[in-house]
Amino acid sequence: MAGGDVEREGGQVRTDYVPHADGDVTAMLEAVGAATVEDLFSEVPATVRLGRPLDLPAGVTEVELLAELRALAARTTPASELVSFLGAGIYDHYVPAVVDAITGRSEFQTAYTPYQPERSQGVLQSIFEFQTAICELTGMEVANASLYDAGTALAEASFIAGAQTRRSKIVVSDGVHPEYREVLATESAAYGPRPVAVGLAPGARTDGEALRAAIDADTAAVVVQQPGFFGALEDVGEAARLAHEAGALLVVVADPVTLGLLATPGEQGADIVVGEAQSFGNPMSYGGPGLGFMAVSAKLMRRLPGRLVGETRDLDGRRGFVLTLQTREQHIRREKATSNICSNHALNALAALVHLAWLGKRGLPELAETCLRRAVYLRERLLTLPGVTSYTDGPVFREFAVRLPLPAKELVDALVPEGFMAGVPLGWVAGFMSGSDDALDDVLLLAVTEKRTKAEIDAFVDAVAEVVGRG
Amino acid sequence: MADEAAGLFCAQGRATVETIFEKSRPGRRAGKVPAAGVPGRPLDELLPPVLRRAAPARLPEVAEVDIVRHFTELSTLNYGVDTGVYPLGSCTMKYNPKVNERIAALEAFRGLHPYQPDELAQGALELLWTLDRWLAEISGLSRATLQPAAGAHGELTGLLVIRAYHASLGRDPKRVIIPDTAHGTNPASVVTAGYEPVTVHSDARGGVDLEELRGLLDADVAALMLTNPNTLGVFDENIVEIARLVHDAGGLLYYDGANSNAVLGVSRPGDMGFDVVHFNTHKTFSTPHGGGGPGAGPIVVRDILEPFLPVPLVERRDDGSFFLRYERPQSIGRVRTFVGNFGVLLRAYAYIRALGPDGLRRVSDLAVLNANYVLEGVRDLFDLAYDRRCMHEFVVSATPLKEHGVRALDVAKRLLDYGLHPPTTYFPQIVDEALMIEPTETESKESLDHLIAAFRAIVDEARTDPDLLRQAPTRMPVRRLDEAEAARRPVLRQRFAEDEAGGAAGA
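Sequence lines, in order, name chains H and E.
Taking my numbering, the leading residue of the first sequence gets 1, the next gets one more, and so forth.
Taking my numbering, the leading residue of the second sequence gets 1001, the next gets one more, and so forth.
Quick caveat, the hints were computed from the structure, so don't treat them as lab data.
This structure is a prediction, so every number in the text was calculated from the model and none was measured.
Every residue, glycine too, gets a C-beta built ideally from N, C-alpha and C.
Only true hints are included.
With a Cα cut of at most 25 Å, we get these calculated DSS-like pairs of lysine-lysine:
no.	chain 1	residue 1	chain 2	residue 2
1	H	Lys409	H	Lys451
2	H	Lys451	E	Lys1032
3	H	Lys299	H	Lys336
4	E	Lys1032	H	Lys454
Chain H residues, not near chain E, derived (Cβ > 12 Å throughout):
no.	residue
5	Gly208
6	Ala213
7	Gly247
8	Pro405
9	Ser434
10	Asp438
11	Asp441
12	Gly469
Whenever a hint applies, use it, and build me the whole structure from the sequences.
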């Protein structure tokens, strides 16, 4: 047994992944001048010793482990195996096989942050290429190496806006995903600008009058989401104009798939763009790890959080890549850093980059158009059903909300046995909508990706019709 | 000459790799997207031109084989735990078991949507609920949140929980004490949580200076953040006294779990007196680091702090079913979308499940043994910052090499030529010319002997031919890179020929 000479009485080490052979531990103890392994811990006071084994189930072998995990897996029904219309930030897009082939390469997967650039050119160059792809998608000048998710990225955007403008509040549309707004509120509890909400007009676009009224000389930034949480397309250019007139920044929460066709935040005047890019190359994975991203205008470059890769030359003049502008970061600047961010989502960014290269310049607009056309088709068909009405005004992109003649949760539950995940029931969102007493429990949010065929959509509409008809 | 000619054709490992954008050729493509196939109208009617982008994103136009060869070549320029020993101090670069990748790839896990009904996610919720309990047992505390996406995110979450706890008692302390050996994320997280960081210095043995700590403690101190063993690899023997002093002053203790690999099943932070702990699953629990992430930074808290944990928490009903609970009135709120980095957490679950209590204890035993073994093998080469038994890592100072005009950085770069990954350099900052070495338990005696031999050979070279170190690396795809120039004139994205005239910063 590997490392058998530290076996404890009654111990049940079935798996440990350590490579010590018989006799190694004894030889090594001798080399360090210790009689037993226990001696190595002599500086841990007896009063804080555990003195018993941890109260955890005894270890298992690999074959037993896999059997147990498969049993847990068998008690979930993943959305990906049903005909799913779930979205709201995490989308069931096709992940090409080439993505897994690349991200599974352990030279990428098992590397740490590239602190030694001469031996990390692979990940450094891939991040440089990812930064380029994000700039191209968003129309912005600089992008970082990734962040955790859209919610924390929005909080970081708020901190940038506060530092840049030295102002104390951030005006946030209710069209921004409620969970992103929750994260912003939590992380802004004691730092950065204070969030102030602006409601939506009927049809789910940001209320322009309310937005105008909310922006003042204390406003560090205005935040809108494009498309909005309910799928409505905002007037981003107008939001930029209002923000800039007041000396505030415009933050856009963007859905990068829609940027295959939609006007870029950059060309509409955004100063900071954040979002969730799980749609590219990453499985839904119960919502994490996804891929937060951030891109900014050149003037905000030195306020970016997290890792940034830059191009440079080596001693022989050969091109190479390094982590750069590190004086922004916590490991150099400690309490004066722009952010506490250390880890990012580099492997998820690599997956996105590979998927984007696979789609290419022509494939991304095609993907966006297929999603758009199928979503519009589904919406128009649903709106012909009795009692189903529009919640989100058109034009919409790949996601929209409808009002049903029954509680949305009931429809969802009724259609699971038919093999459908009908969408996200929005009753839980009611508490996040300012100046509205709409309970939203009859509102359903539906998303359509390229995986949903016309036949599936038709069958789904028929199934909805049957449930609605019963009511 | 023949070699040079061959070199022109065989660029791998020696020359610049064109970027994927530079490899782009008009009309070439990889994936195809299904056409919509539904009755429709012209695109202009569905999406008015005013809402559309002026030009497509300039993504590369490449074939699938181009993609595979490009990224395969890039991967050969990289180094991971699977490549070889990775003794990066405080990063715990242990082997990442392959079975965990197989588990994470199960469609039932990777295909879950965060908004699918709880009833259809029972296996996943049970896994999270169980992991919460296991982390509580491992830390000696009460309850976890699995939401934080990384260690630094766990720090911020823990500090916000501490802030909410003080507020619930009508207190509003302003300061958090941090040792001078702390990870850089600690002070940065303290600022983001709205506190002022105050430094306490290390004493002659590398622990917290108790006298100075006594002087700093008052009712204005919200917490002390501590890593134990600390970044010097030293276990602070005064931890019980430290905890008593902080608690008597009304403060709480935060445990930075980055160094937990030293004490699994040996000594639990809760038993040491800590009130909040974060774990880095990508360090202690073997989840792959992915070249910078994703990680996960769950925190575990003492019972008095439980009401303040973020929403949602996974709960179990009397009938044995699991659900996400959002109704928690004293919660600080949500710190991340959805439930956290589920795909990472499930690998950590599988690791803890496979090892069990005795396997985890063996991890710490051998991590500490391995570190002491390497320390013994190199102790005569360097100055020892603190000459005492180390835990899972240790710090040496390369100052003795200064007389040869050689610095810690040069030693690190020469290790690259030896085919090894260097240790952490210039950290902690209180040690001059620091090399911080953490072998982890998954290195064999032969692997450690090889590492020791490399250090010995390099220090020998420093005395006899220091230029070998100063010029290093010479066997890597690139030689030393001009980081100053990269920061002075930042080029942070691919430049396209048609943009060159513009020349905007960063573009």
